[in-house]
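There are 2 protein chains.
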Amino acid sequence: MQKSKPTQAGLAIELQLPNGGTFKPEDLALINMIRTERSIIGASRALGLSYRKCWLSVDALNRTFESPVIATFPGRRGGGAEITPFGERLVALYCSIARHASNSAKKSLDELTSALDWSFEPRARVAEPERDLA
Amino acid sequence: MQKSKPTQAGLAIELQLPNGGTFKPEDLALINMIRTERSIIGASRALGLSYRKCWLSVDALNRTFESPVIATFPGRRGGGAEITPFGERLVALYCSIARHASNSAKKSLDELTSALDWSFEPRARVAEPERDLA
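If you read the sequences in order, they're chains F and P. First residue of the first sequence? That's 1 in my numbering, and the numbers climb one at a time after it. First residue of the second sequence? That's 1001 in my numbering, and the numbers climb one at a time after it.
If we strip away everything but chain F, and leave its shape as in the complex, we get (with noise of 0.2 Å):
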């Protein structure tokens, strides 16, 4: 299957929480995940992702409030993982915060998106000039 460009601008959100904790993308699509395999070793494989990464991604979740996100239920054979109500209640608040975030963005989306060069290539290796400093 060939990767193709995104069609549509679109806005990426992350929370900044004044006790120092963040909520990201990435915890999204994770939370969600789990919520699918009902496991964090399953949610890992399905994104591929380290267990480790998503561990250490659950357990700041569950640190920065005072309720768990996700409650985990160790074990070698009957181990799993799901989202607590807070959880749910975070995914709603963060989603509807993007939501509007989009909605309210997107007139200017589509002005910059009108100002695009097609050709670009984010990772296009250019020479980088060494002695004339700009």
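Please keep in mind that the hints were generated in silico from the structure rather than gathered at the bench. Keep in mind it's a predicted model, so treat the numbers as computed, not measured. Idealized CB from N, CA, C, for every residue including glycine. Hints should not be assumed to be uniformly reliable.
Facing chain P, from chain F, some residues (calculated, C-beta under 10 Å) [said to hold, decoys possible]:
{"#": "1", "residue": "Q8"}
{"#": "2", "residue": "A12"}
{"#": "3", "residue": "I13"}
{"#": "4", "residue": "L17"}
{"#": "5", "residue": "K24"}
{"#": "6", "residue": "N32"}
{"#": "7", "residue": "M33"}
{"#": "8", "residue": "A60"}
{"#": "9", "residue": "R63"}
{"#": "10", "residue": "E66"}
{"#": "11", "residue": "N103"}
{"#": "12", "residue": "S104"}
{"#": "13", "residue": "P122"}
In silico PhoX-like links for lysine-lysine, alpha-carbon gap of 20 Å or less [said to hold, decoys possible]:
{"#": "14", "chain 1": "P", "residue 1": "K1024", "chain 2": "F", "residue 2": "K24"}
{"#": "15", "chain 1": "F", "residue 1": "K107", "chain 2": "P", "residue 2": "K1053"}
{"#": "16", "chain 1": "P", "residue 1": "K1053", "chain 2": "P", "residue 2": "K1024"}
{"#": "17", "chain 1": "F", "residue 1": "K24", "chain 2": "P", "residue 2": "K1106"}
{"#": "18", "chain 1": "F", "residue 1": "K24", "chain 2": "P", "residue 2": "K1107"}
{"#": "19", "chain 1": "F", "residue 1": "K106", "chain 2": "P", "residue 2": "K1053"}
{"#": "20", "chain 1": "F", "residue 1": "K53", "chain 2": "F", "residue 2": "K24"}
Put chain P on the given structure of chain F with help from the hints.
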């Protein structure tokens, strides 16, 4: 001076454009510092970033749109950089998106702030379970 945690919740917003380009809070900070310092090298020093990193960011921004965002005037002594009219329009649109998003997120962020664990340490070293996978 003691570094303190921010007292208010906020959003960090990245624009994701359909040609693969992006515009991040760091890009805004770099543009604003180039406007102040009138050069990329001056902005890199003021921000504590490498010249290479700043130059690559400017190059990517300038290739993202049909019009350049930063105009550079190379030269060993008289070199410098300034924000183009299109660059100023990009900044204005980004700030407008960010302002609207923050305003509409305020209630949700207040609710999440009231649920924070204030003893949270983002980079806490915690024992990770090795055997019992959740």
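Right, here's what the structure says about each hint:
1. Q8: Status holds, d = 6 Å.
2. A12: Holds. Min distance 4 Å.
3. I13: 6 Å, holds
4. L17: 5 Å, holds
5. K24: With Cβ-Cβ at 9 Å, under 10 Å, it holds.
6. N32: 17 Å, violated
7. M33: M33(F) check fails; min Cβ-Cβ to chain P is 14 Å, beyond 10 Å.
8. A60: 7 Å, holds
9. R63: 5 Å, holds
10. E66: 5 Å, holds
11. N103: 9 Å, holds
12. S104: For S104(F), the interface hint holds, since the closest Cβ of chain P sits about 4 Å away, which is under 10 Å.
13. P122: 5 Å, holds
14. K1024(P) <-> K24(F): 14 Å, holds
15. K107(F) <-> K1053(P): 31 Å, violated
16. K1053(P) <-> K1024(P): It holds: about 14 Å lies between the C-alpha atoms, which stays within 20 Å.
17. K24(F) <-> K1106(P): Holds, at about 17 Å.
18. K24(F) <-> K1107(P): 18 Å, holds
19. K106(F) <-> K1053(P): The given pair, whose Cα atoms are some 30 Å apart, is violated under the 20 Å limit.
20. K53(F) <-> K24(F): Satisfied, since the Cα-Cα distance of roughly 14 Å is no more than 20 Å.
Checked against the numbered hints above, the structure violates hints 6, 7, 15, 19; every other hint is satisfied.
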